[in-house]
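Based on the sequences and whatever the hints tell you, model everything.
Each chain, written out:
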Amino acid sequence: MVGDADRMPSDVRREVDRLSDGEWRALTLQLGRYALQKSRRFYWRTGNAGELPYGEMTESIVSKALLLWMSGRRRWNRSEYPDLETFLKAAIDSLLSHSAHGFDNRRIGAGDDPVRVNRATPESDLLERERVTEHDRLLAEIVRQSSEDGIALEIVEAIRQGAGTRRAIAAATGRPAEVIDNGLKRIRRLGTTIARSRSAAGKQTI
Amino acid sequence: MTTNKLDSQEVLRVINDAGADAPHTADESREALADAGIDADELARAIRDDVRLYLRAREHDRAPWEAIRSLAFALTAVSVAVFVVWFSITYRAEIAARHEATRASLIGPLLPGLSSDDASRRSVALAVAQEVDPAFAAATAERLRQWEAVSLAQARANRNSVYQPRILAGVLKLEFSRDPDDRKVAIWSDLLPVLVEARRNRDDFVDVAIEYQRVLPLLRVRNPDVFLDSYWGELWILNILLESKIVPVVEAARQQAPEPAVVERIYQMHAPSLPDRDRKAFEEAVTVYTNTVKALR
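Listed in order, the protein sequences are those of chains L and B.
Everything in the first sequence is counted per our numbering, starting at 1 for the first residue and increasing by one.
Everything in the second sequence is counted per our numbering, starting at 1 for the first residue and increasing by one.
Calculated from the structure, these hints are not laboratory results.
Hints may be right or wrong, so weigh each one.
Claimed, not checked - Cross-link-like lysine to aspartate or glutamate pairs, in silico, EDC-like; alpha carbons within 16 Å at most:
(1) L:Lys185 - B:Glu31
(2) B:Lys184 - B:Glu251
(3) B:Lys245 - B:Asp278
(4) B:Lys184 - B:Asp35
(5) B:Lys245 - B:Asp204
(6) L:Lys185 - B:Asp27
(7) B:Lys294 - B:Glu251
(8) B:Lys280 - B:Glu264
(9) B:Lys184 - B:Glu243
(10) B:Lys294 - B:Glu28
(11) B:Lys184 - B:Asp133
(12) B:Lys280 - L:Asp17
(13) B:Lys280 - B:Asp229
(14) B:Lys294 - B:Glu264
(15) L:Lys185 - L:Glu154
(16) L:Lys185 - B:Asp21
(17) L:Lys185 - B:Asp225
(18) B:Lys245 - B:Asp207
(19) B:Lys294 - B:Asp225
(20) L:Lys185 - L:Asp136
(21) L:Lys185 - B:Asp35
(22) B:Lys280 - L:Asp21
(23) L:Lys89 - B:Asp203
To be verified - Partner residues aside, some chain B positions facing chain L, computed with beta carbon under 8 Å:
(24) Gly19
(25) Ala36
(26) Ala44
(27) Ala46
(28) Arg200
(29) Asp204
(30) Glu283
(31) Glu284
(32) Val288
(33) Asn291
(34) Lys294
(35) Ala295
(36) Leu296
Unchecked claim - Per the computed footprint, the stretches of chain B lying under chain L, defined by three or more beta-carbons under 8 Å from a beta-carbon of chain L, are:
(37) 11-18
(38) 175-186
Built from N, CA and C at the ideal position, the CB exists for glycine as well.
Right under this line is the structure:
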């Protein structure tokens, strides 16, 4: 799978040797959480713990990202990514994007891509309508349950107005980044809980 | 709330992705993983093992000439195995016919059974041969076992063309070679990398793990005749199979798995003479193995 040319480059070796056990644990923890959240969205397509679209496991997607770096097949450009974690998250995004474009996941948007629907059929159209309706319901429920959370409502509205990143949301709302981050995390948790309860009630979105 | 259905989908996507991008504390990340049924410590360990095994395997990657040598060795070994079975049966039959007519008359009829494709026929023929000539039966049984190993490997090679050639190369080296370097190559370059790579796809892994039931008896984890630095590679293989959650594989692995104290003793005996890096790698393998065996209880 990897030949001699893919042996660990010296700069990577130095970085690996520099990582303490604690830093290594912290890094894998963050990358594992990131891979899971980036892949799951609210769809809950896959039922097994840690299983990502296209049969990947959280563990394997993180391992692959690390190995891409360690084998030298993906170079860490420090001017583009200030720290290793950010760089590896980008590698995970890339792997998830590749995975999401597989046949099994062609309906899941990858990264910033719009939702893809290939080779539409009457059946796929019906499923698409059902899925979009479910998104409406989910978002409406998030807003309803956030009625006491002014920050969350501001964030949702900013996104609806076109703010697509944390920075853009912070600019649109005039709130500090930390407030936006915490608000986003609250909304995300709430969305996950609602999606899960709907799924348990037999209303799985996909 | 919304009348534009596509907007809802996009809003949810941004919430999810921007939420994932937001910095999380260790506790938050741990909680997010736990919420999805993932143990953060287990995840960290599994990732670390994946990476370590992969890198370890790469460090022992073969030079091109070694690959050629291995291939030549594999072909030679297959030829030798076929020849030995044929030679053993015919030669002993001839000797028996010449010197012990009575025995020959008894063994002769067993030969079709011994060379049969039907395992039950071979077993019956071997049982009878045991009564007639124990030495001949023992030698034949050994040859047949080797022949079966080769046949099985070849049969399965047609099913998984990605991994089988490497599995076969590893098994043949462990089975036939007494060269310590061949054993190291078999573990670090053939068998362990295949198992690690196959773990990335559950279907492949199940297929490969079942195949590795044939590898298990060839491992020398319990009582290595000579200690080699492939020892903890063998320990990793055993460990992965113990953790495979594939019932027959786990059972077979358990039968081969020594008590952690045995492995610990081997570690204590040999670790001091190892370079730092190898000693650490060995130590980690022992720790993981000990935890795995305890968990299985």
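Okay, the hints, checked on the actual structure:
no., hint, result
1, L:Lys185 - B:Glu31, "holds, 12 Å"
2, B:Lys184 - B:Glu251, "violated, 26 Å"
3, B:Lys245 - B:Asp278, "violated, 29 Å"
4, B:Lys184 - B:Asp35, "violated, 42 Å"
5, B:Lys245 - B:Asp204, "holds, 14 Å"
6, L:Lys185 - B:Asp27, "holds, 13 Å"
7, B:Lys294 - B:Glu251, "holds, 15 Å"
8, B:Lys280 - B:Glu264, "holds, 13 Å"
9, B:Lys184 - B:Glu243, "violated, 23 Å"
10, B:Lys294 - B:Glu28, "violated, 30 Å"
11, B:Lys184 - B:Asp133, "violated, 37 Å"
12, B:Lys280 - L:Asp17, "holds, 13 Å"
13, B:Lys280 - B:Asp229, "holds, 12 Å"
14, B:Lys294 - B:Glu264, "holds, 14 Å"
15, L:Lys185 - L:Glu154, "holds, 14 Å"
16, L:Lys185 - B:Asp21, "holds, 10 Å"
17, L:Lys185 - B:Asp225, "violated, 57 Å"
18, B:Lys245 - B:Asp207, "holds, 13 Å"
19, B:Lys294 - B:Asp225, "violated, 26 Å"
20, L:Lys185 - L:Asp136, "violated, 20 Å"
21, L:Lys185 - B:Asp35, "holds, 14 Å"
22, B:Lys280 - L:Asp21, "holds, 13 Å"
23, L:Lys89 - B:Asp203, "violated, 27 Å"
24, Gly19, "holds, 3 Å"
25, Ala36, "holds, 6 Å"
26, Ala44, "holds, 4 Å"
27, Ala46, "holds, 5 Å"
28, Arg200, "holds, 5 Å"
29, Asp204, "violated, 10 Å"
30, Glu283, "violated, 13 Å"
31, Glu284, "violated, 11 Å"
32, Val288, "violated, 14 Å"
33, Asn291, "violated, 16 Å"
34, Lys294, "violated, 21 Å"
35, Ala295, "violated, 17 Å"
36, Leu296, "violated, 20 Å"
37, 11-18, "holds (count 8)"
38, 175-186, "violated (count 0)"
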